[in-house]
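Number of protein chains: 6
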Amino acid sequence: MKEYELITLGEVMLRLSPLGYERISGGETFEKRAGGSELNVASGVALLGLRTGIVSRLPDNDIGKFIKNRIRFVGVSDDYLLYDQSDTARLGIYYYEMGAAPRKPSIIYDRQNSSFAGLDLGQIPDEIYGKTACFHTSGITLALSETVRETAVEMVKRFKAAGAEISFDVNYRANLWSEEEARNVIEAILPYIDILFISEETCRRMMGMTGTLREMMKGLTQAYPVKRVCSTKRTVKSPKKHDFTSTIYDVDTDRYYEESPYTDIDVIDRIGSGDAYVAGVLYGLLKYDDPMRALQYGNAASSVKNTIPGDLPSSDLAEIEGIIKNHNATGYVSELNR
Amino acid sequence: MKEYELITLGEVMLRLSPLGYERISGGETFEKRAGGSELNVASGVALLGLRTGIVSRLPDNDIGKFIKNRIRFVGVSDDYLLYDQSDTARLGIYYYEMGAAPRKPSIIYDRQNSSFAGLDLGQIPDEIYGKTACFHTSGITLALSETVRETAVEMVKRFKAAGAEISFDVNYRANLWSEEEARNVIEAILPYIDILFISEETCRRMMGMTGTLREMMKGLTQAYPVKRVCSTKRTVKSPKKHDFTSTIYDVDTDRYYEESPYTDIDVIDRIGSGDAYVAGVLYGLLKYDDPMRALQYGNAASSVKNTIPGDLPSSDLAEIEGIIKNHNATGYVSELNR
Amino acid sequence: MKEYELITLGEVMLRLSPLGYERISGGETFEKRAGGSELNVASGVALLGLRTGIVSRLPDNDIGKFIKNRIRFVGVSDDYLLYDQSDTARLGIYYYEMGAAPRKPSIIYDRQNSSFAGLDLGQIPDEIYGKTACFHTSGITLALSETVRETAVEMVKRFKAAGAEISFDVNYRANLWSEEEARNVIEAILPYIDILFISEETCRRMMGMTGTLREMMKGLTQAYPVKRVCSTKRTVKSPKKHDFTSTIYDVDTDRYYEESPYTDIDVIDRIGSGDAYVAGVLYGLLKYDDPMRALQYGNAASSVKNTIPGDLPSSDLAEIEGIIKNHNATGYVSELNR
Amino acid sequence: MKEYELITLGEVMLRLSPLGYERISGGETFEKRAGGSELNVASGVALLGLRTGIVSRLPDNDIGKFIKNRIRFVGVSDDYLLYDQSDTARLGIYYYEMGAAPRKPSIIYDRQNSSFAGLDLGQIPDEIYGKTACFHTSGITLALSETVRETAVEMVKRFKAAGAEISFDVNYRANLWSEEEARNVIEAILPYIDILFISEETCRRMMGMTGTLREMMKGLTQAYPVKRVCSTKRTVKSPKKHDFTSTIYDVDTDRYYEESPYTDIDVIDRIGSGDAYVAGVLYGLLKYDDPMRALQYGNAASSVKNTIPGDLPSSDLAEIEGIIKNHNATGYVSELNR
Amino acid sequence: MKEYELITLGEVMLRLSPLGYERISGGETFEKRAGGSELNVASGVALLGLRTGIVSRLPDNDIGKFIKNRIRFVGVSDDYLLYDQSDTARLGIYYYEMGAAPRKPSIIYDRQNSSFAGLDLGQIPDEIYGKTACFHTSGITLALSETVRETAVEMVKRFKAAGAEISFDVNYRANLWSEEEARNVIEAILPYIDILFISEETCRRMMGMTGTLREMMKGLTQAYPVKRVCSTKRTVKSPKKHDFTSTIYDVDTDRYYEESPYTDIDVIDRIGSGDAYVAGVLYGLLKYDDPMRALQYGNAASSVKNTIPGDLPSSDLAEIEGIIKNHNATGYVSELNR
Amino acid sequence: MKEYELITLGEVMLRLSPLGYERISGGETFEKRAGGSELNVASGVALLGLRTGIVSRLPDNDIGKFIKNRIRFVGVSDDYLLYDQSDTARLGIYYYEMGAAPRKPSIIYDRQNSSFAGLDLGQIPDEIYGKTACFHTSGITLALSETVRETAVEMVKRFKAAGAEISFDVNYRANLWSEEEARNVIEAILPYIDILFISEETCRRMMGMTGTLREMMKGLTQAYPVKRVCSTKRTVKSPKKHDFTSTIYDVDTDRYYEESPYTDIDVIDRIGSGDAYVAGVLYGLLKYDDPMRALQYGNAASSVKNTIPGDLPSSDLAEIEGIIKNHNATGYVSELNR
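Protein chains in written order, with my numbering: chain U, 282 to 619; chain P, 282 to 619; chain W, 282 to 619; chain Y, 282 to 619; chain R, 282 to 619; chain Z, 282 to 619.
None of these hints come from the bench; they were simulated from the model.
Please read all numbers here as calculations on a predicted model, not as lab measurements.
Which copy is meant is left open, because identical chains are indistinguishable; a pair holds if it fits in one copy or across any two.
BS3-like mimics (lysine-lysine), calculated; alpha carbons at most 25 Å apart, straight line: (1) K412 / K508; (2) K606 / K346; (3) K283 / K412; (4) K346 / K313.
Based on the sequences and whatever the hints tell you, model everything.
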């Protein structure tokens with residue numbers, strides 16, 4: 282058994298958001314939170330009961346310390362955090378504003394030249410590669426800087442070589458890189474990926490695939506040695522009301538796993554709900570190696586994350602299993618946990 | 282005419298709830314409120330214009346003083362509050378977290394060994410029994426401790442003997458006592474009850490009754506000298522959207538009173554909405570002795586309570602009557618009270 | 282080209298509202314904002330990119346200074362603010378409480394004897410009349426006091442004489458004056474109005490007109506030299522969910538301009554959404570002299586204002602045009618501005 | 282024994298103050314509190330354990346209801362509150378900003394034409410005059426309006442006639458009336474006063490007296506049938522650090538009562554500390570008829586009030602007696618109440 | 282080398298405190314923090330760079346989870362936290378109110394029957410005793426319940442037997458047990474203590490010792506095998522202004538270590554400053570085995586803790602060393618860390 | 282007469298500070314403010330009644346819009362704000378934490394690569410140079426980037442050529458550049474400076490001067506065509522208590538202007554108090570060309586700024602003159618502005 286069941290790699294940012302429905306351009310207060318796709322994943326898995334850590338790089342000052350403390354608060358090990366003591370050390374920031382129909386939620390990024398963008402392979406301790414059962418990162422990390430990209434790709438290879446399963450969330454962001462640039466990089470690492478998260482739209486547009494979603498998912502496992510492909514389906518009825526479900530294709534059983542969608546989710550904060558899905562799925566696969574349970578955990582974890590302020594999930598196993606049970610319940614269900 | 286139109290008996294707790302949709306397990310602030318079923322009832326009736334008091338027991342310290350002040354703030358007399366000066370004096374607490382689909386609201390109780398749980402009949406001034414037109418308590422009070430149960434049962438008998446009407450809300454809580462224990466106690470006091478509040482589910486499960494709701498309601502008046510039975514019907518579309526209505530069966534007229542439900546209630550805080558119903562009904566009965574008006578007051582008071590943060594109602598008579606009027610309006614209705 | 286594209290005349294008040302769904306009668310904090318129909322209009326137009334100012338009168342103290350600063354904050358010139366240094370100087374106030382079904386939003390006004398109510402023509406610098414392309418005021422201003430009414434009517438005439446277009450929003454408020462009083466005053470200024478905002482209900486009840494809305498709108502342009510009549514249609518599904526659209530009748534083209542409604546608007550704060558409509562329409566007319574664009578700007582500006590806390594709009598041109606584009610979009614639309 | 286030990290007469294206002302050291306002209310939030318000299322006195326006496334009420338007049342709306350609830354919250358009876366249902370009903374307001382050297386605290390009043398200013402003798406129920414052992418009002422009340430002045434003077438006479446002791450705090454405010462106007466009115470009611478509160482500066486400037494403070498105090502009891510004269514001495518080292526003590530002259534014993542000052546009081550909110558002094562003195566006189574104890578209660582109540590946010594005191598008897606004990610302690614004193 | 286440098290044993294409570302200078306009996310919000318003497322110590326040492334853990338017992342619910350997360354947030358391992366799943370599980374609470382002269386800070390405890398009070402030796406994993414270089418607990422733990430006392434005493438013996446240094450802070454609290462009861466228990470464990478923290482007053486009153494402080498400190502090392510005795514000296518000029526220093530007596534060198542006091546400390550929150558002292562001293566001893574450095578770390582850590590809201594320290598090594606450096610500086614010192 | 286009396290050049294940053302005495306590394310909220318030395322100066326002068334503008338460069342997004350609105354809020358013209366529409370546009374940030382003895386205030390800067398750092402002369406409209414009576418910038422601006430330095434130096438020359446007085450605050454910051462680098466640049470622009478602000482310590486260390494302060498001040502006017510040299514003297518008794526005064530040397534009169542210090546200033550927020558001094562002095566010189574009045578305005582403006590939260594001043598002329606009057610008062614001074 283490895284020391285960690287999951288290690289992730291990614292940038293952790295300071296998230297600044299106005300209170301309630303206030304605007305970035307007004308008000309006198311910002312909520313101050315930590316967030317970042319791969320931290321969200323590591324935290325989601327940790328809350329469900331597995332031991333997780335994150336590789337990230339923070340400025341060696343008080344705002345970096347804030348992030349470190351939040352990482353610990355959500356149950357993720359800080360053993361592989363790196364600290365940037367240079368004069369140019371800085372923490373990436375993003376500003377987030379909630380939406381209300383017909384106003385969409387908005388994000389402004391200020392993450393260039395962050396300490397994480399200078400993460401170099403040489404800074405990572407060699408011992409790490411043998412420490413985990415699974416390694417996860419995302420397309421965001423690959424897009425942040427040339428340095429980080431090289432670091433990440435090499436880490437994927439080393440973890441793979443050391444026997445870890447590799448999980449990867451494509452998470453294509455048009456504001457970070459072009460479709461072509463992304464496609465080239467992602468195609469280069471697909472040979473190392475075991476568990477792949479990709480949306481239908483990204484399959485079509487960035488990857489240039491055609492056919493039904495199911496055909497594209499299976500196609501990816503045929504072109505590459507990917508064992509599971511997971512794809513979420515979110516229906517945005519309004520900024521405050523979503524439906525959500527997903528599909529997992531599993532090579533071994535050659536089956537597509539699905540369940541009825543969660544409907545009329547009360548969206549309090551949709552940021553991180555995709556990462557919560559990844560966390561739920563990884564938990565199901567790492568703990569039970571069962572795609573159907575993974576799907577259920579993923580859908581429940583993602584749905585309930587939408588109701589939690591901030592990027593980070595806060596649901597433990599009992600809560601997630603309660604939500605799955607309610608989702609499948611047919612008779613009387615109490616409206617209150619007492 | 283009596284000095285009070287209503288005296289209630291019950292525990293008042295400190296309610297601690299995180300802000301907005303935050304979790305009990307996170308955040309840095311708690312809203313600090315007072316609440317308790319029988320205080321909520323006394324306050325609802327007081328706001329509508331009748332003179333009410335509460336018998337309760339508080340620790341003789343600053344947190345007890347907070348509760349006393351809040352009781353006065355909501356218009357209920359503090360003349361029958363008792364103060365516990367012992368070393369073990371404490372105020373019961375409950376933690377409350379809001380829900381948002383698919384997350385349910387949650388409550389954690391920390392009320393054991395409270396000062397109220399030590400309320401002994403000997404502490405109650407004898408003069409009280411002749412002071413009120415109506416006395417109200419609930420099944421929660423009966424379940425809190427052996428001492429309180431004996432006190433409450435004896436108080437019911439003494440108020441009855443002194444000529445007060447007795448109102449009782451079964452309010453069965455599975456986390457406080459078993460169905461069998463509850464049934465035995467409640468059957469023992471039903472001979473003293475004039476106005477009974479009971480849900481359909483409690484009739485079936487705890488009381489072990491069968492038949493339609495109407496049959497069970499009438500059955501209770503046949504088995505016991507109860508004069509009015511009131512039963513609410515809440516439809517939970519989501520934690521933030523409910524429908525609500527109720528039925529009153531009146532022995533004298535042998536009629537069932539009902540009205541069309543309030544629909545699409547925007548639930549801000551559902552705690553205390555059942556108590557607000559009791560308050561509305563008691564106001565209607567105490568002031569007008571008219572089951573139909575009681576039903577209207579009860580339904581309106583309960584519906585609007587759902588929109589008020591905290592356990593305690595805040596609607597005066599003008600507001601409740603405005604809501605009833607809108608509920609029954611057919612033509613143009615202004616969207617704004619100006 | 283004039284120095285200002287729009288100058289408005291109106292009272293600016295201090296708005297005090299409890300946090301969230303709290304009540305005016307409870308809580309310990311008020312949000313402190315500036316608001317007033319004609320400031321809302323001037324600000325909406327300024328945010329879209331035109332130069333605007335407001336004629337108003339404030340007490341010469343720190344609370345007046347707060348208002349002055351907020352006026353500048355929202356991009357409106359303070360060059361024509363007047364300061365009342367008398368002993369009786371005061372700022373009008375209104376208290377606002379949000380609604381949630383079945384509770385309506387409520388407003389309590391405390392604006393009598395405000396410094397604005399003493400605004401006298403002699404206080405206005407003569408130079409102002411030649412400075413603007415358009416002048417706007419509303420029926421609220423006419424209703425505030427005898428002094429203000431005379432001032433406003435005379436200003437309408439002088440601006441008209443100096444070549445400005447005159448815009449007027451009837452905005453009938455039954456709590457300020459009677460229908461008869463309002464009708465007399467408004468009929469007296471209609472000969473000077475170029476752009477008229479009036480609701481269907483006001484046409485019927487206060488103006489005593491009959492026929493369809495379209496007939497009444499056209500009728501007004503036949504009885505008076507009004508060039509454009511604009512009428513909004515708000516459907517209140519609940520205090521938190523509205524639909525919204527409008528009609529503009531244009532004399533020159535003899536056409537009625539309309540578009541499909543904005544539906545299921547998430548209402549965070551509906552105050553000022555009518556003024557945002559006026560601002561959008563005025564922007565469209567002043568910038569493009571195009572009733573269809575004016576209609577689109579007005580509907581979008583009003584819809585999105587409902588999602589902004591406070592009276593004042595906060596949407597710039599890019600946001601409004603994004604909302605119009607989404608409203609008319611047919612294919613895939615991103616749920617997030619990134 | 283009378284039903285009340287103290288009834289006061291005075292205006293209760295809404296106090297709006299920015300958070301912390303923010304300015305009235307900035308920020309986005311106001312603290313919302315109730316305050317008014319005579320309410321502060323009634324509340325201070327009630328907290329110490331005597332039964333008190335207040336005669337005041339509030340607008341019959343939600344902001345008036347807020348004040349009514351706060352009055353009850355602080356333990357004062359609302360039985361003699363009057364409600365103004367007219368169109369012009371309004372609550373007086375004052376804005377308060379804290380000081381920090383070299384910035385002084387600031388107050389802006391907006392209390393003209395309040396509902397209280399229209400308080401007419403005819404509105405007061407006749408029964409009230411026999412209900413109390415003591416009646417208290419202040420020079421502020423006399424200065425508010427002609428109507429209120431006549432009402433107050435007549436009430437003083439009627440309470441006196443009914444056997445109540447009359448307490449009066451001169452509390453001269455130059456922004457409300459001239460020295461001459463004040464002197465005339467106050468000289469007219471001095472024949473009815475038993476307990477008089479007056480500062481040295483007011484003796485000299487407004488009353489035109491000369492000599493030492495002691496001479497002036499005694500002089501007042503020689504010119505009028507006043508039995509006790511109380512005069513406070515506040516030394517303002519900085520807005521955040523005061524010293525405080527007082528002198529009471531008692532006719533019966535022909536003695537001056539004094540004690541060593543409270544030094545280095547940490548001033549959190551100095552508003553209402555003068556009223557807290559009056560409350561402490563009245564408690565001492567009403568309960569024990571002992572000028573020395575009255576002096577101690579007054580000095581302690583005033584000193585500790587400076588540490589309490591808001592106008593209203595919050596100290597019960599145990600706290601005041603603890604403070605007196607510490608003030609006189611010589612040996613080891615715990616730094617913490619545990 | 283051991284896995285932990287320090288393990289502590291103690292109760293962790295929920296601390297509820299009103300905002301700013303508000304009172305427990307007023308206001309609508311509580312700050313929600315974690316605190317407890319031995320957690321404060323473990324956290325202080327962890328922040329300075331050593332690996333620490335805590336043995337405590339929490340209710341297995343969301344409020345227990347809050348505490349667990351805060352423990353991790355401050356850098357202390359949660360590996361030895363125990364969870365109480367019984368029906369009576371509860372978290373101890375204390376209410377804290379700040380002081381301002383002449384008002385003292387106040388604490389109300391509500392910690393009886395907490396899950397920690399039921400901590401039984403059998404719940405502690407046997408492996409723990411060999412895991413740490415040092416074990417620390419306090420007299421508070423010994424006073425909480427019979428069960429906890431037995432557990433703690435036995436743990437002291439087992440850790441001692443396994444080779445850990447034993448640190449003990451007498452921390453006598455008169456509200457928890459009598460002097461006699463305390464003396465008996467503490468005398469029974471003194472044979473196992475290596476590092477002892479005790480105040481002069483406790484030496485005299487609870488331990489019944491006489492002589493100078495230095496004589497009493499040395500006397501304890503003569504009567505028992507204690508190697509270092511540490512005693513703090515706090516001078517309370519006002520609730521907001523303290524001086525602080527301490528003495529350490531070291532048996533090996535037979536010397537008393539002292540330094541000039543920190544003067545005019547701006548006390549924001551004095552709770553936990555004694556624990557911060559213990560943490561600083563333990564860090565100095567565990568890291569450098571140097572009583573003088575231990576004294577400096579202790580005095581600096583305690584002084585600066587007074588400026589930090591909440592029980593828990595937040596100073597890392599760089600900050601503490603900066604404070605020591607300033608304390609000893611003679612020339613120009615920048616007023617700002619930039 | 283010019284359109285502006287003062288135009289400044291400088292970076293405006295987002296300032297993020299935890300509430301009260303919380304730490305950057307903890308808490309969940311940041312206060313969100315605008316600040317920057319030259320904005321602070323422009324705002325201080327504008328509040329005193331002169332027309333001012335600022336040349337700065339902001340990202341063209343919502344966070345830039347926030348800054349723009351704040352600039353207008355404090356009365357400074359936004360006519361010369363420039364907007365950066367590039368992908369790398371960002372706003373400089375600084376984190377600020379308050380101090381309390383023995384904890385110093387702390388600042389963390391994150392301002393590298395800001396939009397302002399890319400400010401190029403070509404972006405500045407040529408018309409600006411003739412528009413103002415005075416131009417002000419500081420050594421911070423010169424230190425930010427090579428580009429900005431060149432821009433600033435050239436702007437100094439062009440404003441000088443166009444007839445403006447040049448004001449310059451050396452404001453040496455060791456974290457931005459070395460002493461040598463600073464000296465070279467500043468010596469190069471001293472030939473263009475009319476009004477110079479420099480501290481004694483900077484004279485000695487960065488400029489390498491010797492002698493008394495007075496000798497160094499005069500020396501600067503002899504080596505360069507500077508007409509007035511101003512030097513402040515701040516005595517930091519604790520982070521919360523300062524004394525302040527200054528010296529101005531005037532070439533024309535060959536005199537040193539001084540006054541007795543403001544003592545025991547209650548420091549709420551010391552950031553920007555140096556800039557407030559500059560603003561007061563510039564106001565005095567621009568309005569009255571009187572060094573003594575300038576000194577008084579400067580000292581008063583600086584002293585009172587310390588009591589205002591945030592970087593930006595908020596004192597108008599009446600307040601500053603009141604503070605000067607109190608500072609020089611000898612007899613009775615009211616403790617309250619009523």
